[in-house]
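**Student:** Those sequence lines, one after another, are chains P and G. Every position in the first sequence, counted from 1, becomes a number in my numbering once 996 is added. Every position in the second sequence, counted from 1, becomes a number in my numbering once 4 is added.
To be clear, the hints were calculated from the coordinates, so they are not data collected in a lab. Every value quoted in this text rests on a predicted model; they were computed, and no experiment measured them. Glycine residues also receive a C-beta, built at the ideal position from the N, C-alpha and C atoms. Heads up, some of the hints might be wrong.
Listed below are several chain G residues computed to face chain P (Cβ distance under 7 Å; list not exhaustive) [to be verified]:
1) Gly35
2) Ser37
3) Ala46
4) Phe49
5) Arg95
6) Phe106
7) Gly107
Label pairs and their in silico Cβ distance ranges [said to hold, decoys possible]:
8) G:Gly57 x P:Gly1012: 51 to 57 Å
9) G:Gly44 x P:Tyr1046: 27 to 33 Å
10) G:Ser69 x P:Arg1078: 42 to 48 Å
11) P:Leu1056 x G:Ser31: 14 to 20 Å
12) G:Thr15 x P:Lys1053: 36 to 42 Å
13) P:Thr1073 x G:Met98: 24 to 30 Å
14) P:Lys1013 x G:Tyr74: 41 to 47 Å
15) G:Asp72 x P:Glu1018: 38 to 44 Å
16) P:Glu1018 x G:Thr48: 20 to 26 Å
17) G:Arg111 x P:Ser1063: 34 to 40 Å
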Amino acid sequence: EADIYQTPRYLVIGTGKKITLECSQTMGHDKMYWYQQDPGMELHLIHYSYGVNSTEKGDLSSESTVSRIRTEHFPLTLESARPSHTSQYLCASNRAGVAGELFFGEGSRLTVL
Amino acid sequence: GQSLEQPSEVTAVEGAIVQINCTYQTSGFYGLSWYQQHDGGAPTFLSYNGLDGLEETGRFSSFLSRSDSYGYLLLQELQMKDSASYFCAVRARMDSSYKLIFGSGTRLLVRP
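Bound conformation, chain G alone (with noise of 0.2 Å):
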């Protein structure tokens, strides 16, 4: 079976540094996306690893490490409007097509 990992809830100060971790087993991986949902918006794209390593993307930072079937989500210079759920999602081959499955998600609060 599938199954992605992540905690419920985060909190920061605005301005700090917070990471999200995600943990994942799943058979045929292929790599690990990221995506932020404001209440009651669309998810929206933030980053994919298909390789091992760090990918930087402005103040958003996603590590994966296919070894460990782990990855993370680093945001940097917190701002309020950072608020907002991160799903993890892994892409993986399954029936001879692609999927995305998506974590339960991550809350994170941002305090000023």
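Isolated chain P (complex conformation) (with noise of 0.2 Å):
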């Protein structure tokens, strides 16, 4: 089993607040990602980082930000959330080499009132 983990795993919070969502993996990967899924639909990527101390932003944009202080780390926050916001988040990770496997975590589900 993969050993990546999210937390918080729900989080139901009111517009205007500035929330963590939360990333770690202990298998010592390199690549990290951030997806956003919302029910039934297909996942985009928000943000990508290749190691420490590099983000980048992947194909739908997001107000979201990311930073990668440590390999094992990948923190997604918004500053001010929206009920747009609202959805599930989804972190994973690969090595590098690796290709087309990721490993994903069990996800954050976010709704903002």
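Could you fit the two chains together into a complex? Lean on the hints.
**Tutor:** The following block contains the structure:
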């Protein structure tokens, strides 16, 4: 089993609040990713990182930001949450040179009221 | 741009065989992956095809034809626990990096 953890699993907050979704992996993977997925829909890449101090925006524009200060940790932050941010956020990782296989966390389901 | 197409829903009977197709249009194509996701769960990796042909892993097989921009996932001896969503995902090189772009998923319902 993959060792990648996300907290919180579920979060309900009010508009305007700042939130941080945590993601940690214990596999020593260089590459980490954040995907956004609405129920029954495809996964959209919103951020990725190829190593410490490396972060890039993905294909879907997002108001969230990420940081990668340690290899194992890749948190996602929303400075001011809005109802349009309601979604599931999935963190994933893989080892450099391994093609096509991502290990996903269980996801953080965010509801903004 | 990038696009992937797969059927939205497929229904099959327990013990049967089902094929889920995926067609894609993408630049910088490197390979095709398949993922399974149960309701409320995380996507889990099933297979990856970097070359044309068939890859077999137990009850699951995956096929790729680069010339046809087409692949499929074949599930044999279907079990009730196979009811889930199945996503094809293209591995493509874009902007000096490799990315995994997901299709919209096929919801498989296995009936007794």
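**Student:** Are the hints correct? Go through all of them and say.
**Tutor:** Going down the list of hints, with the structure as the test:
no. : hint                             : verdict
1   : Gly35                            : holds, 5 Å
2   : Ser37                            : holds, 4 Å
3   : Ala46                            : holds, 4 Å
4   : Phe49                            : holds, 5 Å
5   : Arg95                            : holds, 5 Å
6   : Phe106                           : holds, 4 Å
7   : Gly107                           : holds, 6 Å
8   : G:Gly57 x P:Gly1012: 51 to 57 Å  : holds, 53 Å
9   : G:Gly44 x P:Tyr1046: 27 to 33 Å  : holds, 30 Å
10  : G:Ser69 x P:Arg1078: 42 to 48 Å  : holds, 43 Å
11  : P:Leu1056 x G:Ser31: 14 to 20 Å  : holds, 18 Å
12  : G:Thr15 x P:Lys1053: 36 to 42 Å  : holds, 39 Å
13  : P:Thr1073 x G:Met98: 24 to 30 Å  : holds, 25 Å
14  : P:Lys1013 x G:Tyr74: 41 to 47 Å  : holds, 46 Å
15  : G:Asp72 x P:Glu1018: 38 to 44 Å  : holds, 42 Å
16  : P:Glu1018 x G:Thr48: 20 to 26 Å  : holds, 21 Å
17  : G:Arg111 x P:Ser1063: 34 to 40 Å : holds, 35 Å
Of the numbered hints given earlier, the model fails none.
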